[in-house]
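Engineer: From first to last, the protein sequence lines stand for chains A and B. In this text, residue positions in the first sequence follow my numbering: the first is 1, and each later residue adds one. In this text, residue positions in the second sequence follow my numbering: the first is 1, and each later residue adds one.
Treat the hints as calculated values from the structure; they're not laboratory data. All clues given are correct.
Restraint-style ranges between C-beta atoms, simulated for each label pair:
1) A:Glu258 - B:Gly319: 32 to 40 Å
2) B:Glu214 - A:Glu151: 38 to 46 Å
3) A:Glu158 - B:Ile98: 36 to 44 Å
4) A:Glu106 - B:Pro108: 41 to 49 Å
5) A:Arg21 - B:Glu44: 23 to 31 Å
Where a beta carbon is used, it is the ideal one built from N, C-alpha and C, also for glycine.
There are 2 protein chains.
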Amino acid sequence: MNRGRLIMVPGPTNVPDRVMRAMIKPMISHRSPAFRRLFESLTENMRYLFQTQGDVYALTSSGTGGVECIISNTVNPGDKVVIPVFGLFSERMKEAVIRRGGRPIEIPFEWGEAPSAERIKEAVEAEDEIKAIMIVYNETSTGVTVRDLPEIGKIAEENNLLLVVDAVSILGGDELPVDRWGVDICVTASQKCLACPPGLALFSVSEKAWEVIEETRRPFYFDIAMMRSFSRRSETPFTPAIPLFYALDEALRIIREEGLERRFRRHRICSEAFYDAIEAMGLKPLPEEAVRSRTVITFRRPVGIDGAAVRRVMDEEYGVVIAGGAGKLRDETLRIGCMGIISEAETLLTVNALENALLDLGYNAESGVGIEAARRRFRR
Amino acid sequence: MNRGRLIMVPGPTNVPDRVMRAMIKPMISHRSPAFRRLFESLTENMRYLFQTQGDVYALTSSGTGGVECIISNTVNPGDKVVIPVFGLFSERMKEAVIRRGGRPIEIPFEWGEAPSAERIKEAVEAEDEIKAIMIVYNETSTGVTVRDLPEIGKIAEENNLLLVVDAVSILGGDELPVDRWGVDICVTASQKCLACPPGLALFSVSEKAWEVIEETRRPFYFDIAMMRSFSRRSETPFTPAIPLFYALDEALRIIREEGLERRFRRHRICSEAFYDAIEAMGLKPLPEEAVRSRTVITFRRPVGIDGAAVRRVMDEEYGVVIAGGAGKLRDETLRIGCMGIISEAETLLTVNALENALLDLGYNAESGVGIEAARRRFRR
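Chain A extracted, bound-state conformation (with noise of 0.2 Å):
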C-alpha cells in the first residue's frame, strides 16, 4: 500500500496495512450468517476495549454523532445535566443537550484546566434532581485528562447519578476500565486510539444506563434500545459500514495481541517524549503536567512566528501533518496526535519535522535538542 503523509493530527490517524486491507473483503449482506460472524467478534473485541462486561455498540457516524446518539438516549426535556466545560467538545456536549431541550448545569473551567471530583461534588450538591454527570475523559481541543475519572465515578454511584464520558480521543491510548470506574456510558470513535479509519462512533451501555434509556423518547437511527433488540441476533437495525466494521474488527484484533497495558504504556511513553521535546525547544505545552493528555498534545505556538506557517512547512517540506487550535484556541495553540499506532519513529520524525519548520522559520533554538530531548526520553 502507498504510504502517504505522516498523519499526526487528533484523528484521523495513520491506519495500519492490515487494517486498511480488512476494508475490501468481499462485500456481504448485512442479514446473512457471514454479517452475523463479523458482528459477534467485533462485539468480543469491543468489550475487551471498553474492559466491560456490558452492551457495547459500533454505530455508523462520527465521534460527535456517538456523544448526540448518548445524550439523546438518555436526556428528556427539562432534565437536569452536570456538565464540566473546559474546551470544545465540552461545549459540544453542552450544545447536544441545550438541543434536546434538558438543561446543563455547566461548570466552567479555563481551556487548559482539567476538572476537579472536588468542583463537581460541589455542583451536585447545590442542585438537586440531578439526572447524570457528562464529562469529556480527554479534551482534544486542549490536550487535558481529567484524572480524576475514578473520583467522579464514586461521586456519581454515591449520588446515584448517570455517568456519561466523551472518551473520543483516548479510548484504547490510555487507561479506562468502564466497570470498574462506574462509567455508565462511554463512546469513543473509530479514528483516534483505535487506528482504524473514521466512521464508526462506539460505545459501551450499564445495566443502570438501560433503566435511564428505558423512560427517555428516543430518536430513530441513533435508537440505543433498537440497537439492543437487533444486536440479540447480531444484527445492526440499519445497514452499517461494512468495510469500516471488517476494518475495526481488524484493529481490535491488534489491540488484543499487543494488549492494553502495554498499549497504555507505549502511549504515555512517546507522549513523555513529545512533551520533553517540546520543552526542550522552549515551548510551552499547554495544560499543567499532571493533567498532560498522553494522546493529544497541545502547545502553544512561539510568540511571533505564525502557527498555520508551522503546520504548511511540516507538511510541504518535511510530510508531516499536525492540527492547529481548536476553538477559540485555534490560532494559539498547535496540536500533535499520539494515538493508535505511534511508535520511537513517528514520534521522532514529527519532532525532527518540527523542529526543521521552526529553524526554518527563524525561530531562535539550538538546532536538534528537540530530537536529543525525545530521544534520551526512549533510551531510559
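Go by the hints and put chain B onto chain A.
Structural biologist: Chain B only, in chain A's frame:
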C-alpha cells in the same frame, strides 16, 4: 480482489474493484487540502447524479439516518406532513415524523400498490396548513416505484409545499431529475444503485428547502445548515468516513463515464429480464406491471415452498444471495436487487440459481424456462 458470493439483495450490492481500491488510499486529515479536493470532486459528481444545480451533501450514516436527517431539518413539532404509506420504508418515514413531534397525514395503500397523484391531490386539498409532501419514490419492501412523481412535484409546487423524496433504493438506477421534477430534498444511500459500500447517505437541498430548514429547530450531528456552512470551505462539520468518501467519489466517476441515460436503460433491461423470467417460471411479481420497480424485483414465493429455503439453497448451492420479504411480507415474498453493476451476467446467473433452487425444492416447472425468457429479453 477476491470474488465472494454474488450479492443480489436490494443493497448492499456488488462493488466494483475500482471502488474497493479507492478505499485504501493513504489516510488524510479531514482538515487538509487533499480532503478539500476530494470534497469538491464529490460535490460536482453528486450534482451530476441528482441532476441538480442545488446543494448536495454526503453524510456518514445509513440511508435511514439520511431520511431522519432530512425530516429533522424540516419538521417542527405540530407540523402537518402528507405521507403516502405503502410499505415498510414509508412506514419508517411516518415513524420518523412522529418521533419529531410532527403530524403525519397518512394516505394508506395496500403493500404492492403505488400512490397516485390523484389521491395525494385529494389529501392536500382536504387539509389546511400542510407543510410538505414526503414520499418514498421506490418502496424497497414491495418493489413499487411511484411513476406519478413528476405530477406529485407539480401538486407540491402549486400548493407551495415542500417535496421531500426518499430515493434510497433507486437514485442512479432510474430517472429522477431533481430540479426538473421539483424535488426539494432528495435522499439516497451509497450501497444501492451507486454500487458503493454502505455507510453514506447523500441528499440534495433546493432553495425553497433552505427557507424551511432555517426555521426548524435542528439536531446537532444531522444539522444541514451546519453542513452548508462548513461546505463553504469544502469541509464537513465532523470527521467523515474518509475511505467511503473516496469510494463514493470513484463510484460516481464510473456513473459519469457510463452516463445516466445508459445506466438507466441497463437497469430497465435487466429488470425486464427478471420479470420475464419470473413470470415464465409461473411466479408472480408483487406489483402490477405499470409500477414495477426497475431496481428492486419483488415476487411472491411459490405456493407450498418456503421462501427461506429458496434463499438458503441459492446461497449454499449456487453462491447467489437474494433477500426475503420485508416487514409484514417477510415470509410471503422474495426480493432481488437489480442495482449498480447489474448486467446480463448477474441477471442470468441469478435467474439460473433461482430456477435451480426451485427445482431442487420440488417446484413443478419446466427446467430452463426462466433463463430462456431472460436470455430472450437481452437478445431483443
